[in-house]
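Participant: Sequence:
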Amino acid sequence: MDSAAIVPVNWKKNLFFIWLCQFLSIAGFSLALPFVPIYIRDKWGITGEHELGLWMSAFYFFGMLSYCGSTPLWGVLADRFGRKLMLLRACYVDGILFPCFLLAPNPVWLIVIRFVTSAFTGTVAAAQTLIVTNTPEEHHGFCLGTLSSAIWCGNLAGFTVGGLVVHHFGFTAAFLACGALYLLAGASAHFFVRENFTPPPKGTLHKKGNPFRGLSAAVWMVFVMIVVMALARKFDEPYVALMIEKFCDPAKTALYTGWISGAAALAGIVSAMVIGHLCDLWSADKVAVPAALIAGAGMFAQAGAGSLLFFGTARFLNNLAAGGLEPAFFSMLAKVTPPEKRGAVFGLASSLRMGGILLGSALSGAVIWISGVRFIFAAAGIFFLLILPLHMAAHRLVGKSQVAGDERSKGS
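The numbers in the working numbering rise by one with no breaks, and the one at position 394 of the sequence shown is 452.
These aren't lab readings, by the way, just hints derived from the structure by calculation. Be aware that a few hints might be false.
To be verified - As a list, the in silico BS3-like pairs of lysine-lysine whose alpha-carbon atoms are at most 27 angstroms apart:
| # | residue 1 | residue 2 |
| --- | --- | --- |
| 1 | Lys-393 | Lys-71 |
| 2 | Lys-399 | Lys-101 |
| 3 | Lys-310 | Lys-101 |
| 4 | Lys-70 | Lys-399 |
| 5 | Lys-393 | Lys-344 |
| 6 | Lys-70 | Lys-393 |
| 7 | Lys-399 | Lys-71 |
Unchecked claim - Restraint-style ranges between C-beta atoms, simulated for each label pair:
| # | residue 1 | residue 2 | range |
| --- | --- | --- | --- |
| 8 | Val-328 | Lys-71 | 21 to 27 angstroms |
| 9 | Phe-270 | Glu-196 | 39 to 45 angstroms |
| 10 | His-197 | Leu-367 | 37 to 43 angstroms |
| 11 | Ser-365 | Val-170 | 36 to 42 angstroms |
| 12 | His-226 | Ala-436 | 30 to 36 angstroms |
| 13 | Gly-106 | Ala-238 | 31 to 37 angstroms |
| 14 | Leu-112 | Thr-230 | 24 to 30 angstroms |
Ideal placement from N, C-alpha and C gives every residue a C-beta, glycine not left out.
Whole structure, please, built from the sequences with the hints as guidance.
Facilitator: Now the structure itself:
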């Protein structure tokens, strides 16, 4: 037997260093990627709102397409060869590839590099799976919420510092710093995170068949909710800088984008930790509905904003509510998924999450071309409200799944 399988894992220590790894990787991503619209505008002289919006839609679309295609594979490999290995793969490869954006001679090659990079990325899915499979079940909500706070903390640091770096030092410094932070994230996980993983016996890899066969209806309904949640939360993200530019001097767009996005990320930190803890105390059902309502209202307010202050306040409100939806839904998913399939299921869930973003990239490109940037935020508000009827259906299915699981446990 592998010695790693018999070494006790301190889940609190693991949580800290996985949180640190996630913080550093997301900070690296947020330090450079949100400012790509300004990079395209300044480097290749594309200034029209509709044309620039289409390039950004393509940039995000092909990135998410690549991610969606590769993530289920990484999830299956995580169940076979270990979850920590997948986290290291994402951090180290991204640390090498992200600075390559600087080599793109035109926007088409920028999209090609994004496509290749996204095939190897996925620190969020890898970290979530590693946490769930090495943490007592009664602490899943708290740990997933805490891990989600690392995403928001990373966004806060990345947006704020990235705006300053781009404004004062340019994009070369931003993309190089992005790669360095990913490598540092990989090192923190490499040396300090431990995994209690027992490889499946030889000869059983091909006997297991389809890892998604036999999943309950509750699992698939939560999948649908994750898709819509991701669509709603990320629908507007490529266009925040374009909206902010309506209220300020174009030369200061990067600076103000960093400040407003950082403040919104701060709201997400609070939201993720509080809602994740409430999921352990009560249930996701009692917090997800009001969170979706408030998030939708915040999106509609952003669509109608007439000043930088009003837009920033509405964005803060939106993130304060929406930041806890992901840990709530992934906590629900963990409760209705058999432990031996959580790697594959969480990998597929992360891929579907990116599928929602992928769909959003295509739809948002059409929306901005036809109606302009303000309607992007209004459409995102509608998608948040769509979560409500889906949540009602999922609530019934999750309840039935848990009852069936209790009955099976009693019978055994």
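Participant: Does each hint fit the structure? Answer for all of them.
Facilitator: Here is what the structure says about each hint:
1. Lys-393 x Lys-71: This hinted pair holds, its Cα atoms lying about 23 angstroms apart.
2. Lys-399 x Lys-101: violated (46 angstroms)
3. Lys-310 x Lys-101: holds (16 angstroms)
4. Lys-70 x Lys-399: holds (23 angstroms)
5. Lys-393 x Lys-344: It holds: about 16 angstroms lies between the C-alpha atoms, which stays within 27 angstroms.
6. Lys-70 x Lys-393: holds (20 angstroms)
7. Lys-399 x Lys-71: holds (24 angstroms)
8. Val-328 x Lys-71: 21 to 27 angstroms: holds (24 angstroms)
9. Phe-270 x Glu-196: 39 to 45 angstroms: The hinted range 39 to 45 angstroms is violated for Phe-270 and Glu-196, with Cβ atoms some 26 angstroms apart.
10. His-197 x Leu-367: 37 to 43 angstroms: Holds, at about 40 angstroms.
11. Ser-365 x Val-170: 36 to 42 angstroms: For Val-170 against Ser-365, whose Cβ atoms are near 39 angstroms apart, the range 36 to 42 angstroms holds.
12. His-226 x Ala-436: 30 to 36 angstroms: Holds - the Cβ-Cβ distance for His-226 and Ala-436, about 34 angstroms, lies within 30 to 36 angstroms.
13. Gly-106 x Ala-238: 31 to 37 angstroms: holds (34 angstroms)
14. Leu-112 x Thr-230: 24 to 30 angstroms: holds (26 angstroms)
When the structure is compared with the earlier hints, violations turn up for hints 2 and 9 and for no others.
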